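J.: Listed in order, the protein sequences are those of chains A and B. If you read the first sequence in our numbering, its first letter stands for residue 9, the second for the next number, and so on. If you read the second sequence in our numbering, its first letter stands for residue 56, the second for the next number, and so on.
No lab work stands behind these hints, which were simulated from the structure alone. In this text the structure is predicted, and so the values were computed from the model without any measurement. Hints are not guaranteed to be accurate.
In silico lysine-lysine, DSS-like type, Cα no more than 27 Å apart, as pairs [what the hints assert, rightly or not]:
hint : chain 1 : residue 1 : chain 2 : residue 2
1    : A       : Lys248    : A       : Lys155
2    : A       : Lys122    : A       : Lys158
3    : B       : Lys296    : A       : Lys248
4    : A       : Lys164    : A       : Lys115
5    : B       : Lys161    : B       : Lys210
6    : A       : Lys158    : A       : Lys120
7    : A       : Lys73     : A       : Lys115
8    : A       : Lys277    : B       : Lys398
9    : B       : Lys398    : A       : Lys28
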Amino acid sequence: MHQFRFEPIRLPPAATEMRKRVRAFIAEEIAGGAFTPSRNSWSTYDAAFSRKCGEKGFIGMIWPKQYGGHERTSLERYVVTEEMLAGGAPVGAHWIADRQSGNQILKNGSDKAKAEILPRIAAGQCFFAIGMSEPDSGSDLAAVRSKATKTDGGWKISGTKVWTSNAHRANFLIALVRTSPKEEDRHAGLTQFIVDLSHPGVTVRPIYNLYGGHDFNEVVFDDYFVADDQVMGGVGMGWKMVTGELAFERSGPDRFLSTYQLLAESIRKLGPAPDDRAANEIGRFVAHLATLRRMSTSVAGQLQKGAQPNVEAALVKDVGTTFEREIPETFRHLIPTEPTLARGDSYPELLGMTMLRAPGFTIRGGTREILRGIIARGLGLR
Amino acid sequence: MSAAVDASDGNSMRDDLAKTVDRVFEEHCDKPVREAAEDGKWPAGLWSALEEVGLARAALPESAGGADLPFGDAMHALRRSAYHGAPVPLAETMIAGRLLVAAGLKVPQGALTVAGGRPGEKLEIAAGKLSGTAQRVPWGGDCRQIVVAATESGKAMLALVAAEGALQATEKNLAGEPRATMQFKSAQVIASAPLANAAERMLLEGALCRSVQMAGALEHTLEYGIAYANERVQFGRPIGKFQAIQHLLAVLAGHAAASSAAADAAVEASAAAPDEFMVAVAKARVGEAAGKGAEIGHQVHGAMGYTREHNLHYVTRRLWSWRDEFGNESHWQVRLGRMVAAKGADALWPTLTGG
Numbered sequence: 009m010h011q012f013r014f015e016p017i018r019l020p021p022a023a024t025e026m027r028k029r030v031r032a033f034i035a036e037e038i039a040g041g042a043f044t045p046s047r048n049s050w051s052t053y054d055a056a057f058s059r060k061c062g063e064k065g066f067i068g069m070i071w072p073k074q075y076g077g078h079e080r081t082s083l084e085r086y087v088v089t090e091e092m093l094a095g096g097a098p099v100g101a102h103w104i105a106d107r108q109s110g111n112q113i114l115k116n117g118s119d120k121a122k123a124e125i126l127p128r129i130a131a132g133q134c135f136f137a138i139g140m141s142e143p144d145s146g147s148d149l150a151a152v153r154s155k156a157t158k159t160d161g162g163w164k165i166s167g168t169k170v171w172t173s174n175a176h177r178a179n180f181l182i183a184l185v186r187t188s189p190k191e192e193d194r195h196a197g198l199t200q201f202i203v204d205l206s207h208p209g210v211t212v213r214p215i216y217n218l219y220g221g222h223d224f225n226e227v228v229f230d231d232y233f234v235a236d237d238q239v240m241g242g243v244g245m246g247w248k249m250v251t252g253e254l255a256f257e258r259s260g261p262d263r264f265l266s267t268y269q270l271l272a273e274s275i276r277k278l279g280p281a282p283d284d285r286a287a288n289e290i291g292r293f294v295a296h297l298a299t300l301r302r303m304s305t306s307v308a309g310q311l312q313k314g315a316q317p318n319v320e321a322a323l324v325k326d327v328g329t330t331f332e333r334e335i336p337e338t339f340r341h342l343i344p345t346e347p348t349l350a351r352g353d354s355y356p357e358l359l360g361m362t363m364l365r366a367p368g369f370t371i372r373g374g375t376r377e378i379l380r381g382i383i384a385r386g387l388g389l390r
Numbered sequence: 056m057s058a059a060v061d062a063s064d065g066n067s068m069r070d071d072l073a074k075t076v077d078r079v080f081e082e083h084c085d086k087p088v089r090e091a092a093e094d095g096k097w098p099a100g101l102w103s104a105l106e107e108v109g110l111a112r113a114a115l116p117e118s119a120g121g122a123d124l125p126f127g128d129a130m131h132a133l134r135r136s137a138y139h140g141a142p143v144p145l146a147e148t149m150i151a152g153r154l155l156v157a158a159g160l161k162v163p164q165g166a167l168t169v170a171g172g173r174p175g176e177k178l179e180i181a182a183g184k185l186s187g188t189a190q191r192v193p194w195g196g197d198c199r200q201i202v203v204a205a206t207e208s209g210k211a212m213l214a215l216v217a218a219e220g221a222l223q224a225t226e227k228n229l230a231g232e233p234r235a236t237m238q239f240k241s242a243q244v245i246a247s248a249p250l251a252n253a254a255e256r257m258l259l260e261g262a263l264c265r266s267v268q269m270a271g272a273l274e275h276t277l278e279y280g281i282a283y284a285n286e287r288v289q290f291g292r293p294i295g296k297f298q299a300i301q302h303l304l305a306v307l308a309g310h311a312a313a314s315s316a317a318a319d320a321a322v323e324a325s326a327a328a329p330d331e332f333m334v335a336v337a338k339a340r341v342g343e344a345a346g347k348g349a350e351i352g353h354q355v356h357g358a359m360g361y362t363r364e365h366n367l368h369y370v371t372r373r374l375w376s377w378r379d380e381f382g383n384e385s386h387w388q389v390r391l392g393r394m395v396a397a398k399g400a401d402a403l404w405p406t407l408t409g410g
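If we strip away everything but chain A, and leave its shape as in the complex, we get:
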């Protein structure tokens, strides 16, 4: 049986310093009118803001300086991400590249990819999308059917990816495709490629979400050429890499702060002296949030040490996204209001947006059910 470890972590003084820096930056940006605190921080795409983050050294923080990084610790990076989310900063453009794609390239990319792409990501000028899901491959990722066939100097990719957030505005996508036919080991024969979306031959079609927003896309490749030096790791190593990045993808503050703005606005609306019923619910959420932060920072500490705490990350995401989804469900009782579809900063607008975004929280990045399966395996049940 797996032993869950949530070792306590003390943030080093450098992280505290970093917190001050990023807070000052956010305050300055708000004051300068660069953004109004967003209701949907890491889904809000703002390339200009990302460029400023790059200039300030808030992207690629843990990467080597050689590649434009800043050689900081995971914990300093953690502080930056949580401050950005809590501050409602529009970090959506660089989020995926900073959280996972860049780390993958650093670990598994060719020298060329590392030298050319990482410095641009760190500068906040190059954005990524995730190319994992397909029409017939969602939770069952090993069922991907997109395939790459070897050709001179590279590969030709054919197939369709879906739910590809930001593919219509990102520079690159990391695609998981089949490079050899399915065998008994269905996890074998999968390879990841860095795909430059600026070349002709790729079709990106929008998939509007139920909120009416355009984050998702369908991406179709038709014999799309990718050079050999854009293979990640090695041919057939795709599955290992995909599962290797899960702890980064699942344990961060983005898995429990998606509705933080609604929590804060609700507290504001309920005023400095709420009645017992309201105080009880506020207190409950604060207790959950403080605990989740502790769990999440603990995983960040383990990642810093080079561990791969996938089960702990699944636990953080399952508990965290459950918490995120309870926030609109509870406050709608305490602040009677009819949520609206209109876009804006008023409470009914914020509530409406949060409610219509909420179903995604327990689906994106691994559904609740998949996570619980991973946890069960960790418990020795599978």
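Given the coordinates of chain A, work out where chain B should sit on it, guided by the hints.
T.: Below, chain B without anything else, positioned relative to chain A:
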């Protein structure tokens, strides 16, 4: 030991202590001892084994008869005692010791308990005598001396009194642990000293210990669940192979992990004195997990866990008792909610991140 939730913190001294403590419980806390305790028989063997290890006072300074053990290590040992469902006032003796040291008073030998920390209780000292009634005092009839949060001419005091003569009635909590009504009628005060907010301090110390204990009991609930799901065969396979059971246990694991994290954070923040915010977070979060976790633990065990024979109830009945002692979830949530609301929405994030 096959703990699903590893709370050892990678600390080898703590691991050694936990092993020693586990051995004491394995040797002295078997089913007959637990059953006899529920019938009102003081578990003398278990308690003296704990005294021999010096556990109840280990975290106190040497000058107070302790061993200067880090508070976190002592709390970890307390957590192990709860994991084993030990029917002893270990938490209460630890709380009493901390309070006496805080008030500058001598810590007596033997099992101790505490009274006067319940909201609304009035215990008053006048001319060296204590009067008033305290409800549901843990092991009130089994401890020779009681540490009481009282007032003297309106001033908060901590007092040590003899239990003898004060016992009115003994009830039991759901786990069969004695909870006594103690009525003091001009009882002789053995020692007393002013202690700021003594009743509140006692409530916080109690809530902290109960959070730690519940985290330990939840850890065992999860382990019982995993073990049973892997051995119980229905429809030709262990029930743990069914997704419905796997998902139940995954949710329980989330509650157990959150409880560990919340209790650890509160302990860390409370080495010198309880940290109100973190203790409130822990008692609220762990208390919620206790109810939800115990429910899942039983659901997984089916009828078997509903019996007296199975040992699951030694931990789940404690969870159902402890979540209501020293303030239930609502008590702490309302307090937290008021604290946060009074400071305003913009202060919440700095509060959570420590500045």
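J.: For a C-alpha distance cap of 27 Å, please report whether lysine 161/B and lysine 210/B respect it.
T.: Within the cut-off at roughly 20 Å; holds.
J.: Does lysine 115/A lie within 27 Å of lysine 73/A when you go C-alpha to C-alpha?
T.: The given pair, whose Cα atoms are some 15 Å apart, holds under the 27 Å limit.
J.: Taken at face value, is the distance from the CA of lysine 120/A to the CA of lysine 158/A at most 27 Å?
T.: With Cα atoms ~20 Å apart, lysine 158/A and lysine 120/A stay inside 27 Å; holds.
J.: What's the verdict on lysine 164/A and lysine 115/A, does the C-alpha distance respect the 27 Å limit or exceed it?
T.: 24 Å, holds
J.: Lysine 122/A and lysine 158/A: Cα distance at most 27 Å?
T.: Holds, because 23 Å separates the two Cα atoms, which is no more than 27 Å.
J.: Does lysine 28/A sit within 27 Å of lysine 398/B, going by the straight-line distance between their CA atoms?
T.: With a Cα-Cα distance of about 20 Å, the restraint between lysine 398/B and lysine 28/A holds, given a limit of 27 Å.
J.: Is the straight-line distance between the alpha-carbon of lysine 296/B and that of lysine 248/A 27 Å or less?
T.: 25 Å, holds
J.: Holds or violated: lysine 248/A with lysine 155/A, Cα cutoff 27 Å?
T.: With a Cα-Cα distance of about 17 Å, the restraint between lysine 248/A and lysine 155/A holds, given a limit of 27 Å.
J.: Can the restraint linking lysine 277/A and lysine 398/B be considered satisfied, given a maximum Cα separation of 27 Å?
T.: 13 Å, holds
When held up to the earlier numbered hints, the structure conflicts with none and fits them all.
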